[in-house]
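Work the whole structure out from these sequences, hints included.
Protein sequences, first through last, are from chains A and B. For the first sequence, the numbering used here assigns the number 1 to the initial residue and increments by one for each residue that follows. For the second sequence, the numbering used here assigns the number 260 to the initial residue and increments by one for each residue that follows.
For the record, the hints were derived by calculation from the structure and aren't laboratory data. Treat the numbers as computed from the prediction; the structure is a model and nothing was measured. Heads up, a few of these hints could be off.
[To be verified] Derived lysine to aspartate or glutamate pairs resembling EDC-like cross-links, with alpha carbons at most 20 Å apart: (1) A:LYS251 <-> B:ASP462; (2) B:LYS446 <-> B:GLU297; (3) B:LYS569 <-> B:ASP528; (4) B:LYS497 <-> B:ASP542; (5) B:LYS569 <-> B:GLU539; (6) A:LYS251 <-> B:ASP333; (7) A:LYS169 <-> B:ASP277; (8) A:LYS251 <-> B:ASP323; (9) B:LYS497 <-> B:GLU393; (10) A:LYS134 <-> A:GLU60; (11) B:LYS262 <-> B:GLU451; (12) B:LYS408 <-> B:GLU452; (13) B:LYS577 <-> B:ASP484; (14) A:LYS251 <-> B:ASP277; (15) B:LYS577 <-> B:ASP287; (16) B:LYS408 <-> B:GLU332; (17) B:LYS267 <-> B:GLU573; (18) A:LYS19 <-> B:GLU399; (19) B:LYS569 <-> B:ASP552; (20) A:LYS251 <-> B:ASP287; (21) B:LYS497 <-> B:GLU399.
[Unchecked claim] To give an idea of the chain A side of the interface with chain B (calculated C-beta under 10 Å), a few residues: (22) LEU8; (23) THR16; (24) MET17; (25) VAL23; (26) GLY42; (27) GLY101; (28) ALA195; (29) LYS196; (30) ARG216; (31) LYS251.
[As the list claims (entries may be wrong)] Pairwise CB distance ranges (calculated): (32) B:ASP333 <-> A:HIS258: 47 to 55 Å; (33) B:ASN397 <-> A:TYR21: 15 to 23 Å; (34) A:THR16 <-> B:GLY279: 27 to 35 Å; (35) A:THR16 <-> B:THR290: 39 to 47 Å; (36) B:GLU452 <-> A:ARG20: 28 to 36 Å; (37) A:TYR21 <-> B:ALA520: 54 to 62 Å; (38) A:TYR21 <-> B:ASP333: 39 to 47 Å.
Heads up, the beta-carbon is just placed ideally off N, CA and C, and yes, glycines get one too.
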Amino acid sequence: MNLGTVFLAVFRREWTMIKRYMVNSISSLMSVYLIFILIFMGFKSMSNYVMAGSLEGSLEGTVVGFFVWTFTIYAFSDLSWSLISEAQAGTLEQLYLAPCGFKWVGACTVLANLVFSLVPIMVLLFAMMATTGKWMNLDFVSLVPLLIITLLGAYGFGFALGGLALVFKRIQALFQIMQFVFVGFLIVPIRVAWAKFLPLAMGNSLIYTVMVDGARLWELPLNDILIAIAVGAAYLAVGIVIFSRCENVAKSRGLLGHY
Amino acid sequence: MGKTIALKVEALTKTFRDGGRKLVRAVDNATFHVEEGEVVGLLGPNGAGKTTTIKCALGLMGPDSGRITVFGEDVQSGYPGILRKMSAVLEGSRNLYWRLTVWENILFFSALHGVASSEDKAYFNHLLNLFSLEKKRNVEVRKLSQGMKQKTSVVCALARRTPLVFLDEPTLGLDVETSLELRTLLKQLALEEDRAFVVSSHDMDVIQDVCGRVIIMSQGRVVVDDRVSSLIDLFRTKAYRIALRGSVPPGLEERLRQEFAGASVAEIDSGTEVRVTLSEDDDIYRLMDILRDADAVIDEISHEEIDMEKVYLEVVRKERELL
Ligand SMILES: Nc1ncnc2c1ncn2[C@@H]1O[C@H](COP(=O)(O)OP(=O)(O)OP(=O)(O)O)[C@@H](O)[C@H]1O
Ligand SMILES: [Mg+2]
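Okay, here's the thing in structure tokens:
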């Protein structure tokens with residue numbers, strides 16, 4: 001099957017949607033920024049002691065954590081929301097008629113969303129750095145691979161929740177809870193032994209090392225990178241398995257077209 | 260001579276759990292086939308299993324048992340590549356992105372089928388012209404009227420240039436003129452492009468006009484599978500209109516109804532009119548006996564004008580009786 005054609009089509013669809021929903025996209029970015037301002041002001045009014053829960057309790061840690069959180073939430077929610085909204089709108093069944101299989105249409109959607117979320121997220125990062133006055137090391141050669149590794153886990157959750165939404169429909173609440181759970185993954189200090197196996201946590205810590213300590217990708221401990229990849233891939237695999245199971249249930253109960 | 264079989268459904272069965280423990284047999288051991296270049300109507304009352312059958316064929320639902328092949332290839336083992344041969348307008352659901360324009364929708368959905376060459380685009384334009392949508396080409400779908408949306412869905416399905424097309428309620432919400440247009444187009448496309456169409460509709464005028472053959476489902480089972488023309492001939496010889504002299508003989512209607520379900524007796528200007536559909540060959544004698552017992556004077560006996568709607572209603576009524 002000609003995946004290139006499919007990818008181009010999905011890419012163009014996403015781009016057109018973004019243009020049509022520009023006001024929406026900008027206002028959601030603004031609200032994320034506002035949340036950050038609130039956290040930042042809260043941070044300033046509290047001593048570092050109180051904030052010890054966050055990565056080393058530093059302001060940099062908060063900025064990096066918030067950055068990674070936004071990035072992963074974007075990825076996670078793009079995936080599950082687009083499944084939910086396509087099922088609601090009724091276009092999901094048409095996507096399931098694609099001869100390359102729905103999984104590839106989904107994968108192309110994920111990829112296109114990733115590309116299109118880079119710009120707003122970078123804008124957000126700059127806004128946060130300007131607000132805090134903490135200008136960090138933006139070594140993209142090191143950052144991009146680490147971000148992608150960190151995203152794997154988030155996509156795993158996206159697939160799993162999207163699949164559950166196909167079968168159980170009303171799971172919006174679970175969806176919102178997940179956003180807070182993600183915060184948890186990011187603020188658990190990586191020194192805690194089992195924290196390494198949480199999604200996002202290891203990647204987040206590596207990104208911190210790059211952005212704050214100025215380390216290059218190849219200067220990072222190989223072991224840590226491998227753990228981050230393995231953990232991310234494992235969560236992604238589990239997410240995809242859950243999605244496939246749910247897809248089968250949805251097909252046997254005839255739920256793809258209902259919402 | 261034998262034409263290629265586009266769709267073959269063999270002993271298809273699909274059940275659903277009805278909320279609690281109860282099983283609903285949506286499709287029950289259904290068997291039929293559709294040939295290349297054929298337009299086949301899929302009829303049946305609400306809940307007969309039409310949509311379920313279509314969705315099983317498209318791989319959107321997993322059947323409990325049975326086998327579906329499309330151009331000789333098994334749908335389950337050939338999934339999802341087999342979808343290259345099929346497209347569909349699905350009932351009720353929105354088949355389009357409301358935020359995209361007509362043209363963007365066509366481009367997107369046909370690209371999913373790998374249909375995106377410049378020759379293909381010329382074909383899309385041809386379709387837009389056929390469906391008189393060329394002026395709406397760059398309008399967002401949400402701003403179109405219901406009928407235009409429906410036509411755009413049909414265009415999107417046709418644009419994928421698949422040899423088998425399912426249209427579940429394609430004329431829903433179309434005005435008379437547009438519905439007529441769509442019928443003409445479907446006939447034309449089936450003839451010119453040798454595609455196979457499965458059209459589900461409750462509009463018998465559409466079915467009679469467009470379909471060469473109909474499959475009538477009831478309670479998940481295929482109860483009729485025949486050419487429209489032979490069905491009409493068959494029912495023409497069974498449906499009678501009898502003119503009686505004078506006013507309605509008392510008790511005649513009740514008496515007739517006991518024997519022939521759906522029979523009617525009505526007073527008309529020139530006397531009394533009896534309409535009755537017989538099912539067995541010797542029913543005509545029983546009918547005559549009843550009329551004689553009622554002391555009716557027969558003025559005229561004629562075959563009733565029959566159309567697909569009457570055939571359909573008769574079939575459905577009989578099915579109900581069997582329950
Ligand atoms: N997803 C589902 N879950 C449970 N039951 C279903 C589901 N889809 C269909 N059914 C049941 O299966 C039966 C057949 O439904 P189907 O939609 O195939 O009928 P239909 O012939 O298309 O009817 P209509 O003319 O109303 O479109 C009905 O009894 C319906 O309630
Ligand atoms: Mg239906």
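Quick rundown of the hints versus the structure:
1. Between LYS251 (chain A) and ASP462 (chain B) the alpha-carbon distance is near 29 Å, which puts this suggested pair outside the 20 Å criterion.
2. A C-alpha spacing of about 9 Å is found between LYS446 (chain B) and GLU297 (chain B), which places the hinted pair at or below 20 Å, so the restraint holds.
3. A hinted pair counts as satisfied when its Cα atoms are at most 20 Å apart, and LYS569 (chain B) with ASP528 (chain B) does not qualify at roughly 24 Å.
4. For the hint pairing LYS497 (chain B) with ASP542 (chain B), the CA-to-CA distance comes to about 9 Å; that is within 20 Å, so the pair holds.
5. Restraint check for LYS569 (chain B) and GLU539 (chain B): satisfied, since their Cα atoms lie roughly 18 Å apart, inside the 20 Å limit.
6. For the hint linking LYS251 (chain A) to ASP333 (chain B), the alpha-carbon distance of about 17 Å falls within 20 Å, and the restraint holds.
7. Only pairs whose Cα atoms come within 20 Å are accepted, and LYS169 (chain A) paired with ASP277 (chain B) is accepted, the gap being roughly 17 Å.
8. A hinted pair counts as satisfied when its Cα atoms are at most 20 Å apart, and LYS251 (chain A) with ASP323 (chain B) qualifies at roughly 11 Å.
9. In summary, the hint linking LYS497 (chain B) to GLU393 (chain B) is not supported, as the alpha carbons are separated by about 48 Å, beyond the 20 Å threshold.
10. Among the hinted pairs, LYS134 (chain A) with GLU60 (chain A) is consistent with the structure: their alpha-carbon atoms are about 7 Å apart, no more than 20 Å.
11. The straight-line distance between the Cα atoms of LYS262 (chain B) and GLU451 (chain B) is roughly 16 Å, inside the 20 Å bound, and the hint therefore holds.
12. Proximity of LYS408 (chain B) to GLU452 (chain B) is assessed by CA-CA distance (about 24 Å); at most 20 Å being required, the pair is judged violated.
13. Between LYS577 (chain B) and ASP484 (chain B), the direct Cα distance comes to roughly 15 Å. Compliance with the 20 Å bound is thereby established for this hinted pair.
14. Distance restraint check for LYS251 (chain A) and ASP277 (chain B): the Cα-Cα separation of roughly 15 Å lies within the 20 Å cut-off, and the hinted pair is therefore satisfied.
15. In summary, the hint linking LYS577 (chain B) to ASP287 (chain B) is supported, as the alpha carbons are separated by about 18 Å, within the 20 Å threshold.
16. At most 20 Å may separate the alpha-carbon atoms for a hinted pair to count; LYS408 (chain B) and GLU332 (chain B) exceed this at roughly 33 Å.
17. The suggested pairing of LYS267 (chain B) with GLU573 (chain B) is violated, with an alpha-carbon distance near 27 Å, which exceeds 20 Å.
18. With a CA separation close to 13 Å, the supplied pair LYS19 (chain A) and GLU399 (chain B) stays within the 20 Å bound.
19. At roughly 29 Å between alpha-carbon atoms, LYS569 (chain B) and ASP552 (chain B) are farther apart than 20 Å, so this suggested pair is violated.
20. Restraint check for LYS251 (chain A) and ASP287 (chain B): the C-alpha separation of about 18 Å stays at or below 20 Å, so the hint holds.
21. Restraint check: the Cα-Cα separation between LYS497 (chain B) and GLU399 (chain B) comes to about 52 Å, which exceeds 20 Å; the hinted pair is violated.
22. For LEU8 (chain A), the suggested interface contact is upheld, since its CB lies about 7 Å from the closest CB of chain B, less than 10 Å.
23. The interface hint given for THR16 (chain A) is met, as the beta carbon of that residue sits about 6 Å from the closest beta carbon of chain B, less than 10 Å.
24. The beta carbon of MET17 (chain A) is positioned within 10 Å of a beta carbon in chain B (closest approach about 6 Å), and the interface hint is therefore held.
25. A least Cβ separation of about 13 Å between VAL23 (chain A) and chain B goes past the 10 Å threshold, and the interface hint is therefore violated.
26. For GLY42 (chain A), the suggested interface contact is broken, since its CB lies about 38 Å from the closest CB of chain B, more than 10 Å.
27. For GLY101 (chain A), the interface hint holds, since its Cβ comes within 10 Å of a Cβ in chain B; the closest pair sits about 4 Å apart.
28. Proximity of ALA195 (chain A) to chain B is violated relative to the hint, the smallest CB-CB distance being about 40 Å (cut-off 10 Å).
29. Here the hint on LYS196 (chain A) is broken, as its CB sits about 38 Å from the closest CB of chain B, past 10 Å.
30. Of the supplied interface hints, the one on ARG216 (chain A) is violated, with its beta-carbon coming no nearer than about 41 Å to a beta-carbon of chain B, more than 10 Å.
31. Restraint check, LYS251 (chain A) versus chain B: the minimum CB separation of about 5 Å is within 10 Å; hint holds.
32. Under the hint 47 to 55 Å, the C-beta atoms of ASP333 (chain B) and HIS258 (chain A), about 27 Å apart, miss the expected range.
33. The hint said 15 to 23 Å for the Cβ distance between ASN397 (chain B) and TYR21 (chain A), and at roughly 18 Å that hint holds.
34. Between THR16 (chain A) and GLY279 (chain B) the Cβ separation comes to about 44 Å, which falls outside the hinted range of 27 to 35 Å.
35. The supplied range of 39 to 47 Å is met by THR16 (chain A) and THR290 (chain B), whose beta-carbon atoms lie about 44 Å from each other.
36. Restraint check, GLU452 (chain B) to ARG20 (chain A): a C-beta distance of roughly 34 Å satisfies the suggested window 28 to 36 Å.
37. Separated by about 58 Å at the C-beta atoms, TYR21 (chain A) and ALA520 (chain B) satisfy the suggested range of 54 to 62 Å.
38. Checked against the hint of 39 to 47 Å, the C-beta distance between TYR21 (chain A) and ASP333 (chain B) comes to roughly 41 Å, which is consistent with it.
Of the numbered hints listed earlier, those contradicted by the structure are 1, 3, 9, 12, 16, 17, 19, 21, 25, 26, 28, 29, 30, 32, 34.
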